Amino acid sequence: MNFDYSEEQKMLVQSLERTLAKTYDFETYRSQLATKTSHDPALWNSLAELGIMAMPLPEAAGGFDGNHTDIALISAELGRRLVPEPYVSNVVLSAFVLNAARGDASLDQVSQIATGETKYAVGFYEPGERHNPLAVNTTAEKTDGGWVISGHKAVVLGGDTASELIISADAGGASLFIVPADADGLSIRKYQLLDGRGAADLIFDNVSLGADALIADAGNAEAIILDAIDRGAAALVADSLGAIEEIINMTKEYLRTRTQFGRPIGSFQVLAHRMVDLLVDYEQAKSMSMEASVEAINENRTERQKAISAAKAKVGAVSRKFGKESIQMHGGIGMTDEYALGAYVKRLLVNETLFGDTDYHLERYSSL
Amino acid sequence: MELSLTEAQTAFRDEVHAFLDENLPADIKKTQTSGGHLSKEQHQRWHKILGDKGWSTPLWPIEYGGTGWSPVEYAVFDEECYRMGAPRVLPFSVSMLGPVLINFGNDEQRERFLPGIKSGADWWAQGFSEPGAGSDLASLKTSAVRDGDHYVVNGQKTWTTLGQHGDWIFCLVRTDATAAKPQTGISFILIDMRDPGVEVRPIITLDGSHEVNEVWFTDVRVPAENLVGQENMGWTYAKFLLQNERIGIAGIGQSKEQLVGLRRLAAAEKKNGKPLIEDPSFRAKLSEVEIELRALDLTNKRMLVETERGMDPGPVSSMLKIRGSEVAQRLYELKMDAAGLYALPFQPEAGDAGWNDELAGTLAQARSAPHYLNTRKISIFGGSNEIQRSIISKMMLGF
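From first to last, the protein sequence lines stand for chains C and G. My numbering applies: residue 1 is where the first sequence begins, and numbers increase by one. My numbering applies: residue 1 is where the second sequence begins, and numbers increase by one.
Hint data in this document are derived by calculation from the structure and do not stem from the laboratory. Treat the hints with care, as some may be off.
Derived DSSO-like pairs: lysine-lysine, alpha-carbon spacing no greater than 30 Å straight-line [what the hints assert, rightly or not]:
#1 G:256 to G:270
#2 G:29 to G:40
#3 G:274 to C:321
#4 C:321 to G:270
#5 C:10 to C:36
#6 G:239 to G:29
#7 G:271 to G:256
#8 C:346 to G:285
#9 G:274 to C:306
#10 G:40 to C:306
#11 C:306 to C:36
#12 C:324 to G:285
#13 C:142 to C:36
#14 G:40 to C:252
As the structure is a computational prediction, the values presented were derived from the model and not from experiment.
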């Protein structure tokens, strides 16, 4: 057993840390939010230049053949800095789905993800179906020259910035299609999530597509969908760990420096002990995040789903507790928009809920 | 990063398994897996078998009879023992006193006492807590007054686990009542419990068991050579002893075995005509504790590996103790809840060697409530969880 990251991984994280420290502080985040955009092309390009998109992608697509522990390290840094860029939707989900569905034929597309040139997003979930990724009411009807798609995809992460959308639709069973964002009949309702990351609802009203829009048929799509959400979940769990570490720093500092009744509030045992419970929870969450990052690519589905669900449920519950407790310990200042704590709490809420919330994963864990 | 066992570690697990398979006496396995109380003879017979193999003191330095196992190997050993129904040797002599003698005792003491600890021939009890000194251990009052070549000991210790079997007791005693700080007037001394003036009185706990005792000292004459280390330095040794307990403190092996037992019990119980284990609300609780244990297992190994490599052990043992005790207590609680109505008939000796009465329900049901009640202790002893939180907050917050 060993719990270490490689020297190469540590160097990658350090360079990412340095870049973000220079270019993306909390004030930058706030001013970006004020412009109501989830995406800054200059930042996106600098991330691409660092190689963090290419890192986990296949060498044949210009990547570095990394693994999911790379993704976990990168995600944690993005969470720590509140970066809203569509990293997970592109590098974790879309690149995987394209590659799994199309094999070598996807290398061109994946290489454009590696360089950050083209943005994709993946939509599985639907209104009224909560967290079930396999509940597909969107229909795909076969026509002479291709397909006609109708339906509604809910809260598609990165759907606001993607030019290509990968969605599931029922063509005699869940199947995967790729749709250009400017297709006739497709309306995209863009919005930002609680923490500033971008997403969209996709409404398909008889959208006509060519035959080549189908990238995974009913026989293959289900496995790809299940694999993909586990990878997404593992990345968000790591993202949450980065955010939690920052919350710990802020809250410890506050307990040490905020004085009331003539003493630092951290010297009150009722607060000190609650903080200790959070620190223990953090260690537990960290262990589960590590396991999720290793297991995310396990081809044994039961083992993988157990590890991912355990991590998503555990980190989800810990995140919720961190959110509530850190605000409470900060008191009034924790309620304000200009103090960073709230942004982290919102980041955690988004991570908790996407790709299966705590209840969903607890239930899935129970069923395995 | 590699989170599964290496080939060598898997081979080691197989070796432990084969040894236990061959050497664990059937009656001891039966008492252990029944959840009953082992007799003194059973404890000592098993301790000796492990001692003969060289496995009773694995964490000691190799030159004193340790095995040189890594923390992960120790965890593998611990889990395999529980899986196979083998009891663990009691910690008082092996984990607590042994390392103190090795680090702070003299050669005569090591030669005299370490062999009896390794073999289990000497039964050691721990004499720290007193009626007025629980969490505030340094306020202890039992006094040892120097009189020629002896100390004369007077006072009372309490919560002495299995002291009814004791040959010896290692005690914290006050040797300087005028010291500026309570911590600085304490010494660490070894007392023969068979000496005149030592009296052991049982304390029956709410689960109906006789596990703990009061130990009274009235003018007990203890040879001065039984002082460990220097006079008035006992507090330092006691702190070393408590922090030395890192490895194994999370109780992973035991909790994993309890989880197996809980699942078995819940599979046998029925709710609405179906096994309880299929009930959604029970399953959610089961999954929560299972995930917590899964995380703790990994956290335990991660922290011990990091500590061994020289990272500051800091609050590691306190963290592992807090969460380990919480998980264990939750498992016992769920087991009692799963047992249902038949958790109620009170048969506290069920499962003990030689107990032959008729069970009201099953053995697992009979043990469930006494175990739940008994294990309330684990968040209290060895420094209560509140004391552990204060230790962590001092280290990590500075308060």
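A quick look at each hint next to the structure:
1. Proposed proximity of residue 256 of chain G and residue 270 of chain G is supported: the alpha carbons are some 23 Å apart, at most 30 Å.
2. Proximity of residue 29 of chain G to residue 40 of chain G is assessed by CA-CA distance (about 15 Å); at most 30 Å being required, the pair is judged to hold.
3. Taking the CA atoms of residue 274 of chain G and residue 321 of chain C, the gap is about 34 Å. The hint is violated against a cut of 30 Å.
4. Taking the CA atoms of residue 321 of chain C and residue 270 of chain G, the gap is near 34 Å; set against the 30 Å cutoff, the hint is violated.
5. Annotation: proposed proximity of residue 10 of chain C to residue 36 of chain C is violated, straight-line Cα distance about 33 Å (limit 30 Å).
6. With a CA separation close to 34 Å, the supplied pair residue 239 of chain G and residue 29 of chain G exceeds the 30 Å bound.
7. Distance hint between residue 271 of chain G and residue 256 of chain G is fulfilled; the C-alpha atoms sit about 25 Å from each other, no more than 30 Å.
8. Taking the CA atoms of residue 346 of chain C and residue 285 of chain G, the gap is near 27 Å; set against the 30 Å cutoff, the hint holds.
9. This hinted pair checks out: residue 274 of chain G and residue 306 of chain C have alpha carbons roughly 24 Å apart, not beyond 30 Å.
10. A distance of roughly 42 Å separates the Cα atoms of residue 40 of chain G and residue 306 of chain C; the hinted pair therefore is violated under the 30 Å criterion.
11. Restraint check for residue 306 of chain C and residue 36 of chain C: the C-alpha separation of about 38 Å exceeds 30 Å, so the hint is violated.
12. A hinted pair counts as satisfied when its Cα atoms are at most 30 Å apart, and residue 324 of chain C with residue 285 of chain G qualifies at roughly 22 Å.
13. Simply put, residue 142 of chain C and residue 36 of chain C have alpha-carbon atoms about 39 Å apart, too far for the 30 Å limit, and the pair is violated.
14. With a C-alpha separation of about 49 Å, the suggested pair residue 40 of chain G and residue 252 of chain C falls outside the 30 Å cut-off, and the hint is violated.
Violated hints, listed in ascending order, are 3, 4, 5, 6, 10, 11, 13, 14; each of the other numbered hints is respected by the structure.
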